[in-house]
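Please build the complex by placing chains Z, X and E on the supplied structure of chain D, with the hints as guidance.
Protein chains: 4
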Amino acid sequence: MTSSTPTTPSIVLSHANYGKSAVRLVKVTRDGDRHDLRDLNVDVMLDGDFSASYVDGDNRAMLATDTMRNTIYALAKDDPIESIEAFGMRLAQHFLKTGPTVTGVQIRIVEYPWNRIAVNGQEHEHAFTRGAGERVAVISVDAAGMTVQAGIDNLLILKTTNSGWEDFYREQYTTLPDARDRILATVLTADWTYTSAHADFERLWSSVRDQILVTFTDHYSPSVQNTLFRMGKAVLESHPDVQKIHFSLPNKHHLLFDLARFGMENDNQIFHVTNDPFGLIEGTVERSQ
Amino acid sequence: MTSSTPTTPSIVLSHANYGKSAVRLVKVTRDGDRHDLRDLNVDVMLDGDFSASYVDGDNRAMLATDTMRNTIYALAKDDPIESIEAFGMRLAQHFLKTGPTVTGVQIRIVEYPWNRIAVNGQEHEHAFTRGAGERVAVISVDAAGMTVQAGIDNLLILKTTNSGWEDFYREQYTTLPDARDRILATVLTADWTYTSAHADFERLWSSVRDQILVTFTDHYSPSVQNTLFRMGKAVLESHPDVQKIHFSLPNKHHLLFDLARFGMENDNQIFHVTNDPFGLIEGTVERSQ
Amino acid sequence: MTSSTPTTPSIVLSHANYGKSAVRLVKVTRDGDRHDLRDLNVDVMLDGDFSASYVDGDNRAMLATDTMRNTIYALAKDDPIESIEAFGMRLAQHFLKTGPTVTGVQIRIVEYPWNRIAVNGQEHEHAFTRGAGERVAVISVDAAGMTVQAGIDNLLILKTTNSGWEDFYREQYTTLPDARDRILATVLTADWTYTSAHADFERLWSSVRDQILVTFTDHYSPSVQNTLFRMGKAVLESHPDVQKIHFSLPNKHHLLFDLARFGMENDNQIFHVTNDPFGLIEGTVERSQ
Amino acid sequence: MTSSTPTTPSIVLSHANYGKSAVRLVKVTRDGDRHDLRDLNVDVMLDGDFSASYVDGDNRAMLATDTMRNTIYALAKDDPIESIEAFGMRLAQHFLKTGPTVTGVQIRIVEYPWNRIAVNGQEHEHAFTRGAGERVAVISVDAAGMTVQAGIDNLLILKTTNSGWEDFYREQYTTLPDARDRILATVLTADWTYTSAHADFERLWSSVRDQILVTFTDHYSPSVQNTLFRMGKAVLESHPDVQKIHFSLPNKHHLLFDLARFGMENDNQIFHVTNDPFGLIEGTVERSQ
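Residue numbers (our numbering), protein chains in the order written: chain D, 8 to 296; chain Z, 8 to 296; chain X, 8 to 296; chain E, 8 to 296.
Certain hints may be false.
Where chains are identical, the list cannot tell them apart; a pair therefore holds if satisfied intra-copy or between any two copies.
[What the hints assert, rightly or not] Think about it this way: if two alpha-carbon atoms lie no more than 27 Å apart in a straight line, the pair counts; the simulated DSS-like pairs of lysine-lysine are:
no.	residue 1	residue 2
1	Lys34	Lys259
2	Lys84	Lys259
3	Lys240	Lys104
4	Lys259	Lys240
For the record, the hints were derived by calculation from the structure and aren't laboratory data.
If we strip away everything but chain D, and leave its shape as in the complex, we get (with noise of 0.2 Å):
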């Protein structure tokens, strides 16, 4: 946040924040003959007084972009990576020190999973395919404190029953039925926030991710809201480190074709998917102070 900078009586520059997105990087590191991959994409956000550019065009202290990336690369080399949130906030806690006015630091680290290719059952030691579903990690760093938030981008998870939506509210545009089996289908996209900055983030993300995808399995889901709910719950109660998660769930409508037209019965087996329009569920789960 830029404190206010009067320029005129009455207009001013009232935030100002600028960084580097899209960064690809992606580490080797080498074992032996054993190889492993970070593939990622990192944005750098910085808070901080610029108003001697934004508002003066004076430069003289101003981190290019530009030097942001070389900055990732450079860090990258001699960095272990243990995981993506230890990287980030290192990250972050350079870019404070190393910005002349910076205030704040925001990295956002996307991970991209690979998967060993199998030959004859064994994993190879250095050939891979991608996975789908990302990784997150979000670092905010302030002269407050550090934030830590972990998450899940792009996961597409269905399930062919045990879903349903009934006895909801009803007026006079209303034409929806009430549906006691249906298909739920979402692009899961959810984010934690640790209760410390040491944890193991490695062990905990994979198991947050499969706590919400157990209990995405484990109830007849009334509810796209109460699934979400549900699956708030479920990772707050298993994982004492996390404060807090929100979930953004949209609604990938799978919805019964209608072959009655045709003389033919339709017993769920036969759905249409919509792209458009999608109903969006979201919210925050989290530990009551």
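Structure of chains Z, X and E alone, referenced to chain D:
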């Protein structure tokens, strides 16, 4: 905002919102043989006390997102849609009244521009080509009142000279040379807030857009940052109806291609365009209180 | 086309081609203070006898795709680029001569349109906004000669009336009612072949595009199919330099929203737009031999 | 192919085809509590004599694309869909018989993979996550007979070593240095043609894919070109049911980041990934006649 709802002693639903996205609506109005067209993408998002549904699986107070979709089409029928801001306000007020436990509504409308096809120098009455860029309105309403925002999305702008990036901060990872004459290109995203819900939104939107474009052309740009501020300041100075304006400006880098390797000069003629990484410059300019 | 290369008695490389795609080039030319801009995406694809590389791993006759990229930028420096067709022909001839075993070259160039920003009713000398749609040229050269194609991509066109779909074939799975007045909307993709490599390609391209748009408006359309043919016939009749023209026209369905459920009439006013599925109508119109 | 239809003395419709694209179909089959899922995107394209419609605006022999959509859902109801190839063949034959003037049909089916969620080490009966990559089948039928093709789309593969690009052709615009150890990464698109319409397509598809992946890992790659040929040859040698196979392999360049500027070594550890431009390597390997 859902009031905190205890479920176990310590885990609560701290926020919940839901709605319908990507409702694609075209309305044709006829003035004799001359047709007008509104091509819209509408998102509805409701805030309120939805804990019965999220926490307990009780949908009785829940407006279905399918009902939201129906409502948008039904209200569009008799609405003059004299502007997307006006239509958005009426939608927002409708959903605030309709949802049994709704306390806040956000409507976001994107309008796609269509230009009349010219035939023998005359504008055709009912045939169109789609133009570039999009117009946006975001209406937020709750017990505290109504906010009306407008904006521009996906408008690419570029100037081939009168732009540079010099005398910036240099440290150990800085390699970028000074540039006194470069291409400046961005995908313009701007959103601004009106001081009132009663204004000539059609005229204002065009006027704000024109002012942004004119200011983009009228100065040597020492940085995207400074051009951002100048565009914001010019809009506020010439539009008393605008309270504040925010920009998000990705720097679409156009880099001089190194032709010296082939014994050729490159006097700011030949550029390669890169999609990633990109600088991202943001800021808000507003009237001080 | 690689001549069949025996490797085992029975398995051969029957065709091979390779090249560089998505070379993004901007050229700025200055006429005093007035700047002109060519914003291009260039693809190169080479045909030839590449079996030494494919079959035997011997790269000695292989032009690197990185060299192709360099060449595009280097040739652009001194080329006037009076049209993308002319630039494409020179690129094609260059690669045909340069690659040691190259027997054919295809160059595809997409040009993105930029319009000058208006300031006080005057076109600005060096500031632009990007327009809609793209212009395309495809140049193919081999021992048999050169072919020059031009085209339009991604131009959305729509008419709000004077279009229908009636009296079509009906059988057991047909449920669609006749439509006498509907919205016709498509994303225009057209490509046409010139009779000669010597023509005024700038003027021709605009003239063909204008003819397509005018014909789109000038008749009652009983089908996308018939409108396709009419547009092609009109282009050929008015442009002796065009040998044939091909269209690919997705039918962007705009469906009447059912308002009768709410006691409302929908007199061709309120439409919902669907992205999928879509009809796809293609055809080629040409001069008979 | 429409037979040439004279309209004026000299302008004819030389080819016409139309169909329905992006028909998104999910079929759920239940074996007790265990559910199976087919998630498909189906395209239909018809060839035939459609000149009455295109040239004369007479639709009486035209199957509506909406009817095609209905048909896909209706036929899916009773079809076992034991493979997408088998379902595609039945769709193709249906449309060949049904369209009054249809002489050829092409059906393209993309299948999205879904993996069962693991709960306590057990595969869940009805809950899934979407996997990476897609399976494709293309069925073509006309009076001359039926062709069955299968394929892979959008499968990202990468190896961190055992790949290079050396001793290639050098000329005036060549600047790329030799690489003896680089990352090789591509988005695999492959399509192959079966020798017969009667085969175990489920088993074959998995087996071909596995062979491609294994061959990708098993050699030092002197070029994408040579790896392409090796993968094709290995598939043909191990699969007598495959007549030919075609690959389209974009080279997703992973470039060593220059750390020497910062006094650091980069021993094949730190790479930046670029999206454009990209090399594109294609080829067909087949059994000689």
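Going through the numbered hints above, which ones does this structure break? Give me the numbers in ascending order. The structure conflicts with hint 3 only, although it agrees with all the remaining ones.
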